[in-house]
Amino acid sequence: MMHDIDRNNGSILELKDVTKSFGGIHALQGININIQRGAIVGLIGPNGAGKTTLFNMISGFLGMDRGEIRFNQKEISRLYPYDRSKLGIGRTFQLPKIFNNMSVLDNVLIGALQKSGDIGESKQRAMEILKDINMESLADSFPGDLPIASRKKLEICRALASSPTLLLLDEAISGLTPKETLEMIDLIEKLSAKGITLLIIEHVMKFIMNISQWIVVLNHGQKIAEDTPEEVARNETVIDAYLGKRELSC
Amino acid sequence: MEIFIQLIINGCLTGTTYALMALGLSIIFGTLGLINFAHGDFIMLAMYGGFLISLFSGMDPYLGLFIMLPISFVLGVGLYRVLFKRLIDAPEEAHIIATFGLSFVFQYGAMLLFSAEYKSVSTDYSADVFHIWNQYIDYPHIYGAMAAVILIALLISFLRYTNTGRAIRAVSEQRRGAMMIGINVHKIYAIAAGIGLCCIAVSGVSLITFESVHPTIGVHFNLLCWIIVVLGGIGSIPGTIVGAMIIAVLEMLVGYYFEPTLTTFAYFIMFLAILMIRPSGIFGIKERRA
Amino acid sequence: MKITTGQRLQSYMKDPLVLFIAVLGILPLFSSHHFYLQMLTLVFLFAFFSEAWNIISGFGKQFSLGHVAFFGVGAYITGILYSDYGISPWIGLVLSGAFGVLLALLIGFATFRLRAFFFTLSTIACAEALRVLVTYWRLGSSGLGTTIPAVNGLENLTFSHEICYTYIAYILLLVVVFVTYRITKSRIGYYLLATGGDEEAAKSLGVNTYRIKLAVFAISGFFTAIGGGFYCMYMRYIEPSMVFAVDFSVQFAVFAIVGGLGTIAGPILGSVILIPLSTFFRSWIGGLFTPIGFLIYGIILVIIILFLPGGLMKGISIVKDKIVQKINNPQE
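Sequence order for the protein chains is A, B and C. The numbering used here numbers the first residue of the first sequence as 141 and each following residue consecutively. The numbering used here numbers the first residue of the second sequence as 2 and each following residue consecutively. The numbering used here numbers the first residue of the third sequence as 14 and each following residue consecutively.
Since the hints were derived computationally from the structure, they do not count as laboratory data. Where hints are given, some of them may not hold.
Once the Cα atoms are required to be at most 30 Å apart in a straight line, the calculated DSBU-like pairs of lysine-lysine come out as [stated by the list, open to error]:
{"no.": "1", "chain 1": "C", "residue 1": "Lys-327", "chain 2": "A", "residue 2": "Lys-156"}
{"no.": "2", "chain 1": "A", "residue 1": "Lys-346", "chain 2": "A", "residue 2": "Lys-271"}
{"no.": "3", "chain 1": "A", "residue 1": "Lys-255", "chain 2": "A", "residue 2": "Lys-330"}
{"no.": "4", "chain 1": "C", "residue 1": "Lys-198", "chain 2": "A", "residue 2": "Lys-255"}
{"no.": "5", "chain 1": "A", "residue 1": "Lys-271", "chain 2": "C", "residue 2": "Lys-198"}
All chains should be modelled from the sequences, with the hints used to inform the complete structure.
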């Protein structure tokens with residue numbers, strides 16, 4: 141299953157037989173995934189495939205019925221979300237969860253405070269991160285009325301400030317204009333260049349196929365394929381899952 | 002032993018009335034997602050409603066339901082239009098404060114209108130008891146339980162067999178999904194609020210036949226209903242009914258064997274215990290605590 | 014870059030809040046009229062309670078509607094220890110604070126991992142449970158109410174002149190304002206805001222929201238219990254239905270909400286406006302006011318939540334922004 145080239149880097153995240161059901165419905169069934177250190181991995185699948193459920197499990201917001209999650213070889217499936225964050229797992233949410241009661245800078249500060257309790261020092265670090273992403277002009281404004289693209293970027297900045305080694309992005313592109321999409325691709329490549337491993341949920345196929353080195357496909361709570369983007373695009377099961385049963389999108 | 006059985010029977014009879022009022026809360030909370038801390042005060046108002054009807058017309062409070070049920074339904078729809086509609090998309094804490102404010106308006110409004118005195122209603126059957134196997138059961142409780150059972154049965158069949166009822170269940174399970182298949186959610190919300198208040202109207206009228214009312218009694222009922230709903234498991238009708246029975250029997254036992262004034266204390270201890278041991282309630286789906 | 018105490022003092026002096034509080038501090042000197050001083054004592058005391066409530070419920074968005082539980086526990090511990098056992102109220106206040114912390118930890122422990130409204134519900138349940146428990150417990154001894162004997166002296170926290178109470182209330186307010194201020198400037202404060210803003214997001218950034226809420230609720234309970242003890246020594250009479258009344262919980266919340274939730278100035282502003290107003294109405298309309306007053310509080314709560322969720326402080330900042338805008342672009 142694994143590519144030999146990638147094996148040299150070792151895996152940062154391993155899911156083994158991860159299973160979860162909600163009141164009799166299998167949300168996830170025996171999922172096995174290995175994420176290679178430093179890779180950009182796309183997680184795709186039709187609506188209701190269990191992608192966000194999987195994210196919630198990796199980041200600790202949902203418990204699972206069975207299985208194992210290993211992060212840097214350490215079993216983490218019983219840890220609380222905040223402890224997983226401290227180990228280096230960062231995430232964004234499908235609908236950005238921004239602290240609307242704080243300025244943009246303070247939003248990023250919350251992430252930065254994880255590394256140092258000193259407010260002044262952390263503020264500087266937060267400002268640097270904002271500058272890096274060309275958001276410093278917004279530092280003092282309140283995020284309530286920001287457009288969706290800025291909210292998504294802010295959420296990434298905030299996660300970035302907590303120095304993650306694995307970053308889970310839940311729909312980084314959906315809802316963005318073509319220009320904003322290009323900026324986001326830039327940002328993601330920048331993150332990857334810093335050595336951060338990225339796991340991305342995305343519906344915009346063109347984008348995810350271009351940017352990822354590896355694609356995992358979920359359907360009805362099961363992993364139906366896992367391969368390079370080129371192979372996945374040719375995979376019959378995947379094409380069936382997408383074309384055969386078209387579901388309403390939210 | 003006989004006393005014990007008597008307490009259990011009385012507890013179960015009161016329990017059906019409690020079940021009905023807790024279902025009123027449950028349907029509003031489940032469907033609208035509204036955290037209503039004025040629920041107990043609605044019950045207080047319904048009790049005053051029954052009191053006024055018997056005071057002015059001399060009718061049995063139950064007959065007054067023919068007037069009160071339509072008024073309650075309209076009131077529920079009106080409250081939804083004016084207040085709840087604005088609240089449901091706001092964060093939870095806004096629900097809590099606004100409905101708590103509403104509760105204050107009702108409490109002190111009632112105090113101005115009716116004074117702080119205890120009011121009660123006496124009916125032809127107030128003092129009658131039903132005698133069976135050495136047990137004495139008073140008629141007001143029996144009628145109360147009958148009214149509650151009828152309404153709960155109606156409610157369950159309404160939710161199960163009518164289109165509107167099914168739509169209510171669909172909305173409470175998944176609001177976005179329901180919108181997608183073309184359900185007019187605002188209409189459903191308004192109807193659910195109306196039905197919730199109808200449950201309250203019937204339970205309030207039952208209560209006034211065996212318990213006296215005063216303006217701050219709502220605080221007690223509010224707590225009672227929430228504890229029942231949490232105990233049974235949020236969103237579960239059988240859970241709510243079982244929860245109501247447990248609470249009512251507990252109330253009887255604590256009241257008899259320990260001290261009637263300490264029942265509230267017993268609820269609180271029980272409530273904290275549920276939250277620590279099984280926060281999803283008896284019939285609830287388990288969620289991860291984090 | 015270390016900030017010296019002098020620099021810190023200077024930066025405090027520029028804050029309009031400091032000016033506002035300083036002005037409040039001079040007010041008791043203007044008149045020695047008993048009625049006037051009494052009103053000021055209540056203003057300071059309720060600003061204090063509202064401020065303590067605001068730490069957990071305003072900044073942290075964890076709505077307690079049973080804060081009177083702490084208040085009542087404080088009042089009863091201090092009052093009974095002094096009147097029945099002759100123990101100095103100062104020791105009583107310390108014990109009150111300790112029990113406040115314990116009670117907060119008990120409630121927080123059971124509810125802070127669950128949905129937010131479970132917390133609100135258990136605060137109400139706790140206040141009601143304590144009310145009936147204390148009523149039951151006191152029925153046996155000296156009847157329902159307890160009168161606190163008056164022996165003047167600092168050690169008894171009993172004074173012949175009202176102004177002493179006024180300034181003790183003022184000092185209590187200063188302490189809670191200072192503590193709140195230091196919290197908001199610390200890591201805990203930022204984490205608390207984040208928890209109130211979006212708990213899941215806060216967790217995903219490594220914030221142990223459970224611990225933050227517990228710590229802050231304990232601080233809030235501590236102050237409220239101490240205030241309850243002082244209130245008992247000030248009123249010289251306690252009774253379960255009085256010191257465990259839901260009304261108090263509502264007042265703490267109303268003052269903060271009217272003034273501005275999650276701001277330091279908000280609770281003070283709310284109490285400065287509403288206490289004199291209600292005192293005025295009470296002396297004007299008489300006893301009839303009490304129900305109408307609370308009726309009005311209820312309506313205010315609903316209206317503010319629906320139309321001005323930020324309270325008066327938000328209103329002030331909107332007006333300020335408009336004026337600044339006018340000055341910058343006079344032609345518009």
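* Asked: Is C:Lys-327 close enough to A:Lys-156, meaning Cα to Cα at most 30 Å?
  -> 51 Å, violated
* To do: Would you check the hint for A:Lys-346 and A:Lys-271, treating anything up to 30 Å between C-alpha atoms as holding?
  => 29 Å, holds
* Asked: Is the hinted pair C:Lys-198 and A:Lys-255 satisfied, with a Cα-Cα distance of at most 30 Å?
  -> 17 Å, holds
* Taken at face value, is the distance from the CA of A:Lys-330 to the CA of A:Lys-255 at most 30 Å? -> 21 Å, holds
* If you draw a straight line from the CA of A:Lys-271 to the CA of C:Lys-198, is it 30 Å or shorter? -> 24 Å, holds
Taken one by one, the earlier hints fail for this structure only at number 1.
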